[in-house]
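Protein sequence lines, in the order shown, are assigned to chains A and H.
Here my numbering is used: the first residue of the first sequence is 1, the next is one more, and so on.
Here my numbering is used: the first residue of the second sequence is 110, the next is one more, and so on.
Do not rely on the hints blindly, as some may be mistaken.
Claimed, not checked - EDC-like mimics (lysine to aspartate or glutamate), calculated; alpha carbons at most 16 Å apart, straight line:
1. Lys54(A) x Asp283(H)
2. Lys254(H) x Glu240(H)
3. Lys144(H) x Glu129(H)
4. Lys143(H) x Glu129(H)
5. Lys136(H) x Glu59(A)
6. Lys138(H) x Glu26(A)
7. Lys160(H) x Asp37(A)
8. Lys51(A) x Glu83(A)
9. Lys310(H) x Asp283(H)
10. Lys78(A) x Glu59(A)
11. Lys347(H) x Glu28(A)
12. Lys138(H) x Glu83(A)
13. Lys138(H) x Glu59(A)
14. Lys138(H) x Glu27(A)
15. Lys24(A) x Glu240(H)
16. Lys312(H) x Asp344(H)
17. Lys136(H) x Glu83(A)
Said to hold, decoys possible - Covered by chain H, according to a simulated footprint, are these stretches of chain A (three or more residues, beta-carbon under 8 Å):
18. 19-28
19. 31-41
20. 45-56
21. 67-77
22. 84-92
Hints in this document: simulated from the structure, not taken from any laboratory.
Beta carbons: idealized from backbone N, C-alpha and C, even for Gly.
Okay, here's what each chain looks like letter by letter:
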Amino acid sequence: MSKLFFDNLIVFEEVENKIDSIAKTEEERNELWGIVDSLIRHRALGLIFEKLPKTYHPEFLNMFHQAPHDETLIDYLKEKIGENIEELLRQELGNLAYELLEEFASAKK
Amino acid sequence: MGGKLPTQTYHQIAKGVDFESLRSRLKLKQIEAKKAFSKKYPDVERYLAEKGIDLERLRQHSAKIIGAGALTGTLLLTPPVQKALPPPQEIIDKAKAEKEGGEAEFPQKILIDILNETLPERPRPLTRSEEKYLEQVFENIIGVKARATLEGEHLNTTYGLIGAEQHLKRYPGDTIAGHQPHLKAGIAPGLGAWGYFAPSKDKLTKELEETEKWYAVVQTLYLPDWNTRQPYLRDWYKYRKVLIVNTQNGNAVVAAIADSGPAAWTGKQFGGSPEVMEYLGGPRYKKGPVVLFFVDDPENKVPLGPVDYNTINLPPTALKEI
């Protein structure tokens with residue numbers, strides 16, 4: 001299992017279906033999966049570091065490094081940020097899904 | 110018939126999308142995201158670099174940690190409540206004794222009770238001792254010798270969520286019409302990880318037909334040694350038989366691995382053909398928790414398809430004419 005603590009907030013079913021429809025080979029599919037994964041990571045972590053006060057960055061990074069899959073990291077973030085980071089992440093990733101679907105539409109020939 | 114189902118309309122949108130064009134657009138977006146992140150959070154990048162972690166290889170890092178945790182039983186995915194379980198044989202004997210005493214309990218009910226007792230509520234990689242325990246339970250109740258580790262190979266997880274997949278093209282020119290009766294699921298436009306099952310329709314044997322019908326998808330792409338142990342691993346996993354057990358209702362099926370996936374960000378760890386999914390959970394079953402072990406079948410005697418282990422010898426008096 002390869003898991004990041006915010007994976008359960010990702011709802012990319014439509015993106016998943018589109019990739020399945022476009023990729024003709026396993027290699028093509030893996031490549032698109034990898035790019036989407038990278039975008040998700042950057043967006044999610046970008047939002048977290050934007051919201052989390054800088055003094056907590058080293059502590060969070062240390063915890064994240066030790067257990068990137070640990071879902072209790074969300075509780076830590078909620079406490080330090082003081083906002084519903086879960087909901088904010090959901091929104092951010094929802095926006096990303098929307099942007100990706102737009103890319104699919106724009107790439108149409 | 111003939112009309113497209115709402116769930117398949119994305120095929121129309123995707124039709125005509127050029128892969129290269131899409132790839133370039135997404136790549137550009139990825140580069141921009143990486144640049145923006147590096148510019149805004151250089152300290153974070155520096156910290157990760159010091160720890161030897163590349164943000165692009167975060168999932169491999171996670172898989173490594175989870176794998177090590179499963180070995181030592183120190184996973185943090187859920188509170189590590191390791192229940193003290195009685196030896197599997199004890200549970201099975203008890204269930205059998207109850208049956209002989211007149212209270213006929215279906216093996217499936219016994220299995221569900223054991224799974225409820227053994228497994229954590231939310232899927233996570235199992236510890237080796239949990240896996241060993243389930244191996245014995247499956248062998249004794251389901252009657253299939255299945256192993257979490259076979260010939261030294263082990264998946265990143267053996268307990269996870271399975272999702273519904275489409276049919277796979279078995280030979281060039283294969284269409285959904287040839288996959289009766291499960292037409293609603295559709296056929297994947299691309300090929301499975303091992304390509305066509307046969308080079309042409311006339312080369313499609315009954316065995317290969319069954320393989321596509323009862324196929325499973327596992328995340329070989331995230332195996333830590335997938336890239337370094339080729340072509341051995343590719344050959345080893347091709348059509349490898351697995352036992353899939355729905356942990357909620359005890360339904361079990363033997364399937365053959367014929368594709369790689371799903372993507373980690375889908376939250377699923379396995380996939381099943383339309384036939385596999387219907388048997389595991391019924392026609393509306395799209396996703397659910399399962400345990401997936403390799404079938405130890407060196408003589409290739411275990412058939413693909415449903416495992417009907419629920420038949421019990423009812424006493425003649427129990428049979429009534431309606």
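Results for each hint:
1. Lys54(A) x Asp283(H): violated (57 Å)
2. Lys254(H) x Glu240(H): Distance of about 13 Å is within 16 Å: holds.
3. Lys144(H) x Glu129(H): violated (22 Å)
4. Lys143(H) x Glu129(H): This hinted pair is violated, its Cα atoms lying about 21 Å apart.
5. Lys136(H) x Glu59(A): Outside the cut-off at roughly 32 Å; violated.
6. Lys138(H) x Glu26(A): At roughly 22 Å apart (the allowed maximum being 16 Å), Glu26(A) and Lys138(H) break the hint.
7. Lys160(H) x Asp37(A): Violated: Lys160(H) and Asp37(A) sit about 21 Å apart, past 16 Å.
8. Lys51(A) x Glu83(A): holds (9 Å)
9. Lys310(H) x Asp283(H): holds (8 Å)
10. Lys78(A) x Glu59(A): holds (14 Å)
11. Lys347(H) x Glu28(A): violated (19 Å)
12. Lys138(H) x Glu83(A): violated (28 Å)
13. Lys138(H) x Glu59(A): Measuring from Cα to Cα gives roughly 30 Å; hence the hint is violated.
14. Lys138(H) x Glu27(A): Not OK: Lys138(H) and Glu27(A) at ~20 Å, beyond 16 Å, violated.
15. Lys24(A) x Glu240(H): Measuring from Cα to Cα gives roughly 36 Å; hence the hint is violated.
16. Lys312(H) x Asp344(H): violated (20 Å)
17. Lys136(H) x Glu83(A): At roughly 32 Å apart (the allowed maximum being 16 Å), Glu83(A) and Lys136(H) break the hint.
18. 19-28: Coverage by chain H holds for the region 19-28 of chain A (9 residues, Cβ < 8 Å).
19. 31-41: holds (count 10)
20. 45-56: holds (count 4)
21. 67-77: Since three or more residues must qualify, the claim that chain H covers the region 67-77 of chain A holds, with 6 doing so at under 8 Å.
22. 84-92: violated (count 0)
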